[in-house]
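J.: Line by line, the protein sequences are chains A and B. Numbering-wise, full-length UniProt numbering puts 229 at position 229 of the first sequence, and it's gapless, one number per residue. Numbering-wise, full-length UniProt numbering puts 235 at position 235 of the second sequence, and it's gapless, one number per residue.
You may find that some hints are simply not true.
[Claimed, not checked] The calculated label-pair distances, taken between Cβ atoms and stated as ranges, are: (1) A:TRP192 / B:SER80: 55 to 61 Å; (2) A:ALA431 / B:ARG130: 46 to 52 Å; (3) A:SER442 / B:SER31: 44 to 50 Å; (4) B:SER80 / A:ALA299: 55 to 61 Å; (5) B:THR204 / A:PRO437: 33 to 39 Å; (6) A:PRO437 / B:SER73: 32 to 38 Å; (7) B:ARG130 / A:PHE211: 29 to 35 Å.
Treat the hints as calculated values from the structure; they're not laboratory data. Glycine included, C-beta positions come from ideal geometry on N, C-alpha and C.
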Amino acid sequence: MQASRTGPSDGAASFPDILRDAGLYALVALGLCIPIVSFRTELSQNSALDLVPRWGLVAGLCAAVFVVRVLQRLVLARRDARKALTPSAHQATEAVHGEPNAGQRVSRLAVPVFVGFALGLPLIAVLATGGLSQSRYWIDLGILILTYVMLGWGLNIVVGLAGLLDLGYVAFYAVGAYAYALLSTTFGLSFWVCLPLAGLFAALWGMLLGFPVLRLRGDYLAIVTLAFGEIIRLVLINWVDLTGGAAGISSIPRATFFGIPFTAGDDGFAARFGLTFDSMHRNVFLYYLILALALLTNAVTLRLRRLPIGRAWEALREDEIACRSLGINTTTTKLTAFALGAMFGGFAGSFFAVRQGFISPESFNFLESAIILAIVVLGGMGSQVGVAVAAIAMVGGPEMLRNLGFLKAIFGEGFDPSEYRLLLFGLAMVAMMVWRPRGLISVRVPSVALKERRAIAGSLVREGHG
Amino acid sequence: MSVAGINVLVEETRARQAAARAPLLSVRGVSAYYGSVAALREVDLEVAEGEIVTLIGANGAGKSTLMMTIFGSPRARSGSITFAGRDITRLQTHEIARLNIAQSPEGRRVFPRMSVYENLQMGATLHAGRYFAEDLERVCTLFPRLKERLNQRAGTMSGGEQQMLAIARALMSRPKLLLLDEPSLGLAPLVVKQIFGAIRDLNTRDGMTIFLVEQNAYHALKLAHRGYVLVNGRITLSGPSRALLDDPSIKAAYLEGGHPVPDAAGQPAGA
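With the rest of the complex left out, here is chain A:
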């Protein structure tokens, strides 16, 4: 067992090494950028050439090189570590480790890197594009991706952990959005009051869906949940008195900074904090709001996984009959999974409503459910990091394809890369299913607290191996 593990020198480099290496790359990038990117020539009014410095862009590029290199090294180290740990055919036992292996160490570092990047994104975007209003595209993209990360994490409770295939998750997203829209427009309640209410409503609907499908599994469950999603959408379209029908609900109160509106007036956010007014303040606030909501979803899920209810979900996914014979009430277990998953969908929904200021049933069609489910499945069912990566790839990827304007130089003016977005996207999906059929991160990390596990591994395992 010990012999099969590689030393720290080969394969898994230490984190400072990786940082130094990435720093070197960034330095090279800087060197290359100075002559090529850092100045742009512009004709000034007296037809002389002016040099316009673009240091923000240079900083952005270097930062990007740095981050990509760190990620690349982390991924490589992880792969090497896993290779080194894969037991040979003769070795029946998996690696039973007293200490976390290199792969686990790296993944523990990958998470702070991810979160750090997410926290710093608005700043990076502002620096890279050279202004708050120019960074709008990137921050909006960040909001979009984080919304799907949150939805993915919410659905992950139902599909990834409890193993209940839900094709109608968008219904809860819709319930949350309409709950906020209706409560705020009719009763004038603020976002922070509506948010928990919307979550509660969605959880209630989750239970409502849960009851009739308790006895169903697999394909049959999928069909019923699909129908449920459609029913909600059709009700939203046809119950014109309440929901406004296909026209939707408009002029939903916009997000405020805990009561301080993002307006140009004297009592607005900018004036109170002594800033010059910029409509982007609201977007940055929304970005951090959805980031906080997503991280909350993640924290709750990770916590629950260690509690009896979370373990019951996973056991339910593995084997329902065995679950029941161990005295687990599968009814309540399923209902809590549906309710909690739906609650986070509801949170995301009310965020969607407060961000858009306008909602209509159009936004909650089956395609949304399919995308969210694809994120969970692509991420590797049950893996939190996998879901986040998949959301970035699924939502951010097609957006990136919009920016392939340079291809026009190759294929001629008539070529519009954005028309090929879905084609490329489909190809990527097929490739995924060929090479990583169980999702990006298919390894399940045991939920048992490390310390406890180490104690057991230390005292019992070594004894057994002699």
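Guided by the hints, dock chain B onto chain A, whose structure is given.
T.: Same frame as chain A, now just chain B:
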């Protein structure tokens, strides 16, 4: 009197004593159906405290159905099942499990993607981990192989190890009655011996009451105090194991060749 004769006497006495006490589990006139097909007809069966009772029978005789019916799924359509003086016929599976009946189900049904340790934790669900460390030590002594594999994913273990895990997981709930469904299924003879040895230890050392459903009639009867024979959903024979082992009809049907005579005769060679 020969040693074997004394053994018979001892076992018969034991069986009589057991019958005299109120049984821990009693199944009275239970019939169960799959749709309109009868799987169990008027089954009567008793398990007293401290006993190993085995139920033997051919494929499709209804052994596993009886096991599952005791556990509430499928429900008995008529008759009654009582455990420790309480009627459990109408209870749900998880409610029955909470009365301290544990089961190692047919086909083991360990949680494949969870580690051995987590599987054992799931077994201890009923006590919310109160006796976990102590019980873990106990099952690891019973099955030292599990001790070596606590961090391994259960699905990657061999069949024998999974069977050990299934029994260990059932024991983690500190049951008063342990139901075992074909623990020897698909296992090498040496592993079967190990597992049956562990079952015997459980009974003699901890006084665990065990209800064992088996196709491997010889081993099961060797291990158990009493036995029942199930044919087409009906109990046809019952009595002390030794008597059953010597019974000529049992010998012909289950022990020599391991299959009921009509089946063995009707099967083509090599099937």
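J.: Would you mind marking each hint as holding or not holding in the structure?
T.: Results for each hint:
A beta carbon spacing of about 57 Å between TRP192 of chain A and SER80 of chain B agrees with the range 55 to 61 Å that was offered as a hint. A C-beta distance of roughly 50 Å is found between ALA431 of chain A and ARG130 of chain B, which places it inside the suggested range of 46 to 52 Å. The supplied range of 44 to 50 Å is met by SER442 of chain A and SER31 of chain B, whose beta-carbon atoms lie about 46 Å from each other. At about 49 Å, the beta-carbon gap between SER80 of chain B and ALA299 of chain A misses the expected band of 55 to 61 Å.
For the pair THR204 of chain B and PRO437 of chain A, the beta carbons lie near 49 Å from each other, so the given range of 33 to 39 Å is not met. Hint check: PRO437 of chain A to SER73 of chain B, Cβ distance near 33 Å, so the stated range 32 to 38 Å holds. For ARG130 of chain B and PHE211 of chain A, the hinted distance range of 29 to 35 Å is satisfied, since their beta carbons lie about 32 Å from each other.
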